[in-house]
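Listed below are the residues making up each chain.
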Amino acid sequence: MKVDKELIEKIGRISRIKLSKEEINKFIQEFKGVLKLFSKIDKVKVEDKIINELSVKNKFREDITEPCLNEKEIFSNTKNKEKSFFKGPKIK
Amino acid sequence: MNKIVKEAKEIDKEYNTFITLNESLEKGKPIVIKDNICTKGIKTTAGSKILENYIPVFDATVIEKLKSKGFSILGKTVQDAFGFGSFSTNCAYKTPKNPFDKERVCGGSSGGTAAFIKLSKNVKYGLGQSTGGSINCPSAFCGVVGLTPTYGLVSRYGLIDYANSFDRIGPITKNVKDAAYLLSIMAGEDKRDQTTQNKAENYTKYCGSNVKGMKIGLIKEAFSNDVQKEVKSSVLTAIKKFKKLNCKVEEVSFPSLKYVVPVYYILAMAEASTNLAKYCGLRYGKEKKIEGFYDSYFSDVRSENFGKEEKRRILLGTFIRMVGYRDDYYIKALKLRNKIISDFKKLFKKFDVLVTPTMPLLPPKFSEIKNLSPAEIYSMDFLTIPASLVGAPSMSIPVGEVKGLPVGMQLIANYFEEGKLIKLGDAYEKK
Numbered sequence: 004m005k006v007d008k009e010l011i012e013k014i015g016r017i018s019r020i021k022l023s024k025e026e027i028n029k030f031i032q033e034f035k036g037v038l039k040l041f042s043k044i045d046k047v048k049v050e051d052k053i054i055n056e057l058s059v060k061n062k063f064r065e066d067i068t069e070p071c072l073n074e075k076e077i078f079s080n081t082k083n084k085e086k087s088f089f090k091g092p093k094i095k
Numbered sequence: 197m198n199k200i201v202k203e204a205k206e207i208d209k210e211y212n213t214f215i216t217l218n219e220s221l222e223k224g225k226p227i228v229i230k231d232n233i234c235t236k237g238i239k240t241t242a243g244s245k246i247l248e249n250y251i252p253v254f255d256a257t258v259i260e261k262l263k264s265k266g267f268s269i270l271g272k273t274v275q276d277a278f279g280f281g282s283f284s285t286n287c288a289y290k291t292p293k294n295p296f297d298k299e300r301v302c303g304g305s306s307g308g309t310a311a312f313i314k315l316s317k318n319v320k321y322g323l324g325q326s327t328g329g330s331i332n333c334p335s336a337f338c339g340v341v342g343l344t345p346t347y348g349l350v351s352r353y354g355l356i357d358y359a360n361s362f363d364r365i366g367p368i369t370k371n372v373k374d375a376a377y378l379l380s381i382m383a384g385e386d387k388r389d390q391t392t393q394n395k396a397e398n399y400t401k402y403c404g405s406n407v408k409g410m411k412i413g414l415i416k417e418a419f420s421n422d423v424q425k426e427v428k429s430s431v432l433t434a435i436k437k438f439k440k441l442n443c444k445v446e447e448v449s450f451p452s453l454k455y456v457v458p459v460y461y462i463l464a465m466a467e468a469s470t471n472l473a474k475y476c477g478l479r480y481g482k483e484k485k486i487e488g489f490y491d492s493y494f495s496d497v498r499s500e501n502f503g504k505e506e507k508r509r510i511l512l513g514t515f516i517r518m519v520g521y522r523d524d525y526y527i528k529a530l531k532l533r534n535k536i537i538s539d540f541k542k543l544f545k546k547f548d549v550l551v552t553p554t555m556p557l558l559p560p561k562f563s564e565i566k567n568l569s570p571a572e573i574y575s576m577d578f579l580t581i582p583a584s585l586v587g588a589p590s591m592s593i594p595v596g597e598v599k600g601l602p603v604g605m606q607l608i609a610n611y612f613e614e615g616k617l618i619k620l621g622d623a624y625e626k627k
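Respectively, the protein sequence lines represent chains A and B. The numbers in this note's numbering rise by one with no breaks, and the one at position 57 of the first sequence is 60. The numbers in this note's numbering rise by one with no breaks, and the one at position 93 of the second sequence is 289.
Hint data in this document are derived by calculation from the structure and do not stem from the laboratory. All of these numbers come straight from a predicted model, not from anything done at the bench. Every residue gets a Cβ at the ideal spot worked out from N, C-alpha and C, and that includes glycine. Keep in mind that the hints are not guaranteed to be accurate.
To be verified - A short, non-exhaustive set of chain A residues, derived as facing chain B with CB atoms under 8 angstroms:
id	residue
1	K43
2	P70
3	T81
Stated by the list, open to error - With a cut-off of at most 30 angstroms between alpha-carbon atoms, the simulated DSS-like pairs for lysine-lysine come out as follows:
id	chain 1	residue 1	chain 2	residue 2
4	B	K485	A	K46
5	B	K485	A	K84
6	A	K29	B	K484
7	A	K95	B	K485
8	B	K507	A	K82
9	B	K474	A	K93
10	A	K46	B	K484
11	B	K395	A	K84
12	B	K485	A	K62
13	B	K545	A	K8
14	A	K48	B	K546
15	A	K5	B	K531
16	A	K13	B	K535
17	B	K239	A	K90
18	B	K545	A	K60
19	A	K29	B	K541
20	B	K387	B	K454
21	B	K236	A	K82
22	A	K75	B	K245
23	B	K561	A	K8
24	A	K39	B	K528
25	B	K531	A	K93
26	B	K245	A	K24
27	B	K440	A	K75
28	A	K8	B	K504
29	B	K261	A	K60
30	B	K561	A	K39
31	B	K474	A	K90
32	B	K484	A	K48
With the hints as constraints, model all of the structure from the sequences given.
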């Protein structure tokens, strides 16, 4: 597989990470090394089963209303608020 | 000033162990907490710049439980950002130094907790958290006890997640009995973490038990040439003690060990990249003045505040899940994880406990790891990864020193059999 500038830039766009030229060049080299490490699993044969065998059962609970955080607590970690809303950037 | 705080300040100044030190420490049993566990009113950064200003308005379940038993938080310890590291060298604020030699690393990612517990004369309780070995590794490198409980024994509510199907909170202490005591308090079902199970026990009762007849499997591949010979010989000498305690020790093969590293890193990075998607400058964490469109706003906040290793794992994790690559990496790794779990279950039909060195090397110098590639660093986790992939409990205990540096031995048990680890570890300490 080809690891090049285009691929790294594409992944950066998807994951919303802006990359400088230097970062891109460095990541190309590092990606190659890590993918080589990952390629160790290429030839390992495996059954067609992906379910984790930890025998955990589904748990359900009643949907009951309970007190949660108050407004002051909810907004205590942001400066970007307006009235009772979080303020965010424009969608379009 | 309180003598506990004074000592902590001195240690911190010399060894860089705390991100936040609670100078108004209240009465109670002092405990230090890894910084990715939420503490009400005390800054919780997970070691990352993107959470530099985050002050939780709630306590994690484990913190609630500890407070109710009279524990008081002395500080939040230095760690690799989000737990992304084997050496505690991917830290946004400061880098902790090894208690045995300041030119060497503490191990990661719970490095601050492990180093402080080793150094403090007043504090004997600490919390770490592990995804791929982040409790056992620093415990081995700092000469303390680290206990990684079964996945689902201790609630993760209030833990800032790295990879949800792996993450576990566990004790780091000076001895096995203290670890057993902390685990007894923290274990148990929590309605806020649906993966928890009602399996809690009083683990201190296992201390001082007879270990005669216990079957110990020595994993052959874990003593290969990839492990430093000083480490191997220390662990083999420790194993002889078990023989003297009339345990049955037998060699056993675990061939899948050769590909546990890629399986683990594929899955952990995939999970990490989705977990870190929520940090985008909204609601909490680092933010900017709201301007422009969401795409550039999110990208700016993320690019400016994530460190190198965070970016690397987000990029690799995103790649692993992309159409066209997902089946070869993510899906294949899930299948292999399943196979490794089956292999482990077979071993536990025959053995009570499996044993390996905790880390394949003595704590390295900062200068020795500076030029290693990410792939080389990831590969050093091959001994702590198996129990992490499986979700089984494991423990690292110090088994002496070589050239003035500590060596850790790792014990692994079947699901919810922490009691066996504690029995053996405690018997080893007392012998």
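Does the structure break any of the earlier hints, and which numbers would those be? Hints 2, 4, 10, 11, 12, 13, 16, 19, 20, 23, 25, 27, 32 contradicted; others consistent.
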